[in-house]
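Engineer: Below, each chain spelled out in residue letters.
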Amino acid sequence: MEISVFFFGQLTDIIGSRQVRLSDVSDTDALENTLKARYPMLRQSKYVIAVNRKIIREKMDLTSNAEVALLPPFSGG
Amino acid sequence: MEISVFFFGQLTDIIGSRQVRLSDVSDTDALENTLKARYPMLRQSKYVIAVNRKIIREKMDLTSNAEVALLPPFSGG
Amino acid sequence: MKRLNKLIFFNQGAIPATRIADIIQHHGSDISIGAYSIFLGQVRADLAGNDQVSAISYTAYEDMALEKMEAIGDAIFEKYAITGMEVIHSLGEVATGEICLCVVLTAAHRKAAMDACSETVELIKSELPIWGKEHLTKEGHQWKINTTNGKHHT
Amino acid sequence: MKRLNKLIFFNQGAIPATRIADIIQHHGSDISIGAYSIFLGQVRADLAGNDQVSAISYTAYEDMALEKMEAIGDAIFEKYAITGMEVIHSLGEVATGEICLCVVLTAAHRKAAMDACSETVELIKSELPIWGKEHLTKEGHQWKINTTNGKHHT
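Sequences listed follow chains X, D, F and U, in order. Quick note: the first sequence uses the numbering used here, first residue 1, plus one each step. Quick note: the second sequence uses the numbering used here, first residue 78, plus one each step. Quick note: the third sequence uses the numbering used here, first residue 155, plus one each step. Quick note: the fourth sequence uses the numbering used here, first residue 309, plus one each step.
The shape of chain X in the complex, shown without the other chains (with noise of 0.2 Å):
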């Protein structure tokens, strides 16, 4: 299964690119981890991640059609 991970704002400048591909990982916890091992600023950023265009604060299970986007604190207006 790969999951399609969307980045934004000053999370761009620490991975640089806009979007990650990963493979096994079935839960939001084991994309965190994965991510953190392969970009460890990203331990020091501040962010929450949405699923499917929703804000989650708990672990979440994740289907390859899931849109997974980890968001950097908003700055709009």
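Source of the hints: derived by calculation from the structure; they are not laboratory data. Here the structure is a predicted model, which means the values were calculated and not measured. Some hints could be false.
Once the Cα atoms are required to be at most 20 Å apart in a straight line, the calculated DMTMM-like pairs of lysine to aspartate or glutamate come out as [to be verified]:
no.	chain 1	residue 1	chain 2	residue 2
1	X	K54	U	E378
2	X	K54	U	E435
3	F	K265	U	E375
4	U	K314	U	E406
5	D	K131	F	D228
6	U	K441	X	D13
7	X	K54	U	E375
8	U	K419	F	E276
9	D	K131	F	E224
10	X	K54	U	D382
11	U	K446	U	D382
12	F	K287	D	D90
13	D	K131	F	E247
14	D	K131	F	E221
15	X	K54	U	D330
16	X	K46	X	D24
17	D	K123	F	D269
18	U	K419	F	E273
19	X	K36	X	D61
20	F	K265	U	E427
21	U	K441	U	E406
22	F	K265	U	D423
23	D	K131	F	D184
24	F	K265	U	E430
25	D	K131	F	D269
26	X	K46	U	E435
27	F	K292	F	E221
28	F	K160	F	D184
29	U	K419	F	E281
30	X	K59	X	D13
31	X	K54	U	E370
32	D	K136	D	D90
33	U	K314	U	E375
34	U	K419	F	E247
35	X	K54	X	D13
Ranges between beta-carbon positions, derived for each pair [as the list claims (entries may be wrong)]:
no.	chain 1	residue 1	chain 2	residue 2	range
36	X	E67	F	T301	49 to 55 Å
37	U	K314	X	E58	28 to 34 Å
38	F	N204	U	G400	50 to 56 Å
39	D	N129	U	E378	54 to 60 Å
Glycine included, each C-beta is placed from N, C-alpha and C at the ideal position.
Following the hints, complete the assembly by docking chains D, F and U onto the known chain X.
Structural biologist: Frame of chain X, contents of chains D, F and U only:
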């Protein structure tokens, strides 16, 4: 001594004019008494008196170049 | 903050939307502005018994209104960290659906602009010697009544 | 109050003042409107150390922003007696002195329009997935930080 008195808003309906000239009114109390005698409906009207474009709350002596106005409740905007 | 310009302008008849765009455009050069709070009053087809308001004719004691607006401006510039204030009020007839009042406040930050705008609108309605004569659809007129809480009239 | 239109529009680059005039003009036909409360955000030349902001580039998670704006609209229409809401937010680069946000609330009465406008602006800044990258005059960039009290940023 002649004084020009200006009327605004609903008071112009009662007075039938925007301006009236009065003689022998040495202060604002005399002016009000003269006006109320001439225009009895003024007794039922809400208004404040402005002398030289400042609202006065107490009797004020009038000089011949005074700009006197009777102002009903404001309703701009 | 020194003010160089007149604060209130009287406009014969309805205020065109393009006039508001012009005000915004001419502030565009000021890179210290971060926020505009704008209030527009529009003539509403209020019910009056079984009749309805079709237009409002405004008259003002203009010289006194200009002086009083200066005093309001002094108080608002003193109280809030604003950079600019501009008020346009209609005189003469304004039909329903047309704009009769435009209040623009500019500031570095939004809270000052919004609070100052709200207070300026209240003061314009309660303290400026301006009167609205409401023309009714069927016949005659009535005199507009302002409330201070904003519940009954804009 | 049933809403038929989209609440937020993204605009590539700065929002022209004429766009705001167009919004006002197209509400002119609604004779139940008595008040417009309009907020405009303009890019400010903020200091950044010994450098200065020259422009902001906005990006958004657009699909999520559209959905979230609908939820904000539902809450505001539920809470206040308003008749309309329209929001325009810039995407891409907006230079200092240019407008990046336009929020228009219409209502019969001024208090509902003003309170709803103020709350909508706060929610746009705190809940919409939009990010501002501040370009500096000398070199590089920094990421814009929003505060909720309006003290530090518009």
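Engineer: Taking only the CA atoms, is the gap from K54 of chain X to D13 of chain X under or equal to 20 Å?
Structural biologist: 23 Å, violated
Engineer: Check the hint pairing K54 of chain X with D330 of chain U against an upper bound of 20 Å on the C-alpha distance.
Structural biologist: Violated, at roughly 33 Å.
Engineer: Given the hinted pair K54 of chain X and E378 of chain U, is their alpha-carbon gap at most 20 Å?
Structural biologist: 13 Å, holds
Engineer: Between the alpha carbons of K46 of chain X and E435 of chain U, is the straight-line distance 20 Å or under?
Structural biologist: 15 Å, holds
Engineer: Within 20 Å, alpha carbon to alpha carbon, are K441 of chain U and E406 of chain U?
Structural biologist: The hint holds at about 15 Å.
Engineer: Would the hint linking K131 of chain D and E221 of chain F be met if the CA-CA limit is 20 Å?
Structural biologist: Cα-Cα ~9 Å, so holds.
Engineer: Verify the proposed pairing of K54 of chain X with E435 of chain U, using a straight-line Cα cut of 20 Å.
Structural biologist: Roughly 11 Å separates the two Cα atoms, so the pair holds.
Engineer: Can you tell me whether the CB distance of N129 of chain D to E378 of chain U sits inside 54 to 60 Å?
Structural biologist: The hinted range 54 to 60 Å holds for N129 of chain D and E378 of chain U, with Cβ atoms some 57 Å apart.
Engineer: Can the restraint linking K314 of chain U and E406 of chain U be considered satisfied, given a maximum Cα separation of 20 Å?
Structural biologist: 24 Å, violated
Engineer: Would the hint linking K287 of chain F and D90 of chain D be met if the CA-CA limit is 20 Å?
Structural biologist: Given pair K287 of chain F, D90 of chain D holds - Cα atoms ~11 Å apart, limit 20 Å.
Engineer: Are K441 of chain U and D13 of chain X close enough, with their CA atoms no more than 20 Å apart?
Structural biologist: At roughly 11 Å apart (the allowed maximum being 20 Å), D13 of chain X and K441 of chain U satisfy the hint.
Engineer: May I ask you to test the hint 28 to 34 Å on the CB atoms belonging to K314 of chain U and E58 of chain X?
Structural biologist: Distance hint for K314 of chain U, E58 of chain X holds at roughly 32 Å.
Consistency with the previously given hints fails for numbers 3, 4, 11, 13, 15, 16, 17, 23, 25, 27, 30, 32, 34 and 35, ordered from lowest to highest.
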